[in-house]
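Between the sequences and the hints, there should be enough to build the whole structure, so can you do that?
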Amino acid sequence: MKASLRIGAALLFVLIVLFLSGCQPVTLPTHLPPTPEGMVLISAGEALVGTDDPDTDEERRPQHRVSLPAFFIDRDEVTNAAFARFRPAHAFDPGQEKLPVTGVTYTDAEAYAHWAGKRLPTEDEWEKAARGTDGRRFPWGATWDKNKVTARAPKPTLKLACGKYSRVRPVGSVPAGASPYGCRDMAGNAWEWVQGHPNGNPEQRIIKGGAVGYGERGCRTYERGIEGAKAT
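Counting from 0, one number per residue, gives the positions in the sequence shown under numbering that gives the first Met the number 0.
What the hints contain is simulated information worked out from the structure, not anything from laboratory work.
Any given hint could turn out to be false.
To be verified - Simulated pairs of lysine-lysine, DSS-like, Cα-Cα distance not exceeding 25 Å:
#, residue 1, residue 2
1, K97, K145
2, K97, K163
3, K154, K97
4, K229, K158
5, K147, K229
6, K158, K97
7, K163, K229
To be verified - So the derived label-pair ranges between C-beta atoms look like this:
#, residue 1, residue 2, range
8, N200, K154, 34 to 42 Å
9, P87, D56, 38 to 46 Å
10, A141, P174, 15 to 23 Å
11, G214, P87, 22 to 30 Å
12, A90, S42, 37 to 45 Å
13, R64, Q203, 40 to 48 Å
Heads up, the beta-carbon is just placed ideally off N, CA and C, and yes, glycines get one too.
Here it is as structure tokens:
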């Protein structure tokens, strides 16, 4: 299924980020606490999001600058083992502990994030974490490199609720494809939910990063997938 979790941490424990009405995070304090285990710091400042590439959807054009406060984000996708600590009924076979959790709805993802003292990243935050500040097309740079994308495993690795099989890999399997900040699996492996509704449609949600079996275009940092709000 086209779903995964990467948890943005501008909501990292109440001691780190305060909230305004509407659950919007305020800017992090000047003196940041130590980076939490398993997370990376994305520094405050400008970043390029979107694209001028003519072969992408119009809604992702033009490329433009955004200014974001500092935030933390998980280095890796959330695993089956981590999700099971939140939801003990989450079942998976032995040996699948380090595979990214899939088959979860946006609501499931949001609930996990809240339970962990975090939140899902916005699309702009996700893009900055994936591409740095120079507007690169892929996490590793401007040029497609199939050896740096988290491609499908040679054999099925995970049976999905629908009865089909997935070929996701354990998180962090392709470190050469990491982003400038060290975030992994942001091109391939499993789609990742982010905050927001495409074109303001409350029945839809945004996913980022492509998945196993997707080609070059699906793995571009600025591309997005659109799913129903209740999809898994």
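A quick look at each hint next to the structure:
1. K97 to K145: holds (22 Å)
2. K97 to K163: With Cα atoms ~19 Å apart, K97 and K163 stay inside 25 Å; holds.
3. K154 to K97: holds (16 Å)
4. K229 to K158: Between K229 and K158 the Cα gap is close to 20 Å, so the pair holds against 25 Å.
5. K147 to K229: This hinted pair is violated, its Cα atoms lying about 31 Å apart.
6. K158 to K97: Cα-Cα ~14 Å, so holds.
7. K163 to K229: This hinted pair holds, its Cα atoms lying about 19 Å apart.
8. N200 to K154: 34 to 42 Å: holds (38 Å)
9. P87 to D56: 38 to 46 Å: holds (40 Å)
10. A141 to P174: 15 to 23 Å: At 19 Å between Cβs, range holds.
11. G214 to P87: 22 to 30 Å: violated (37 Å)
12. A90 to S42: 37 to 45 Å: holds (39 Å)
13. R64 to Q203: 40 to 48 Å: violated (26 Å)
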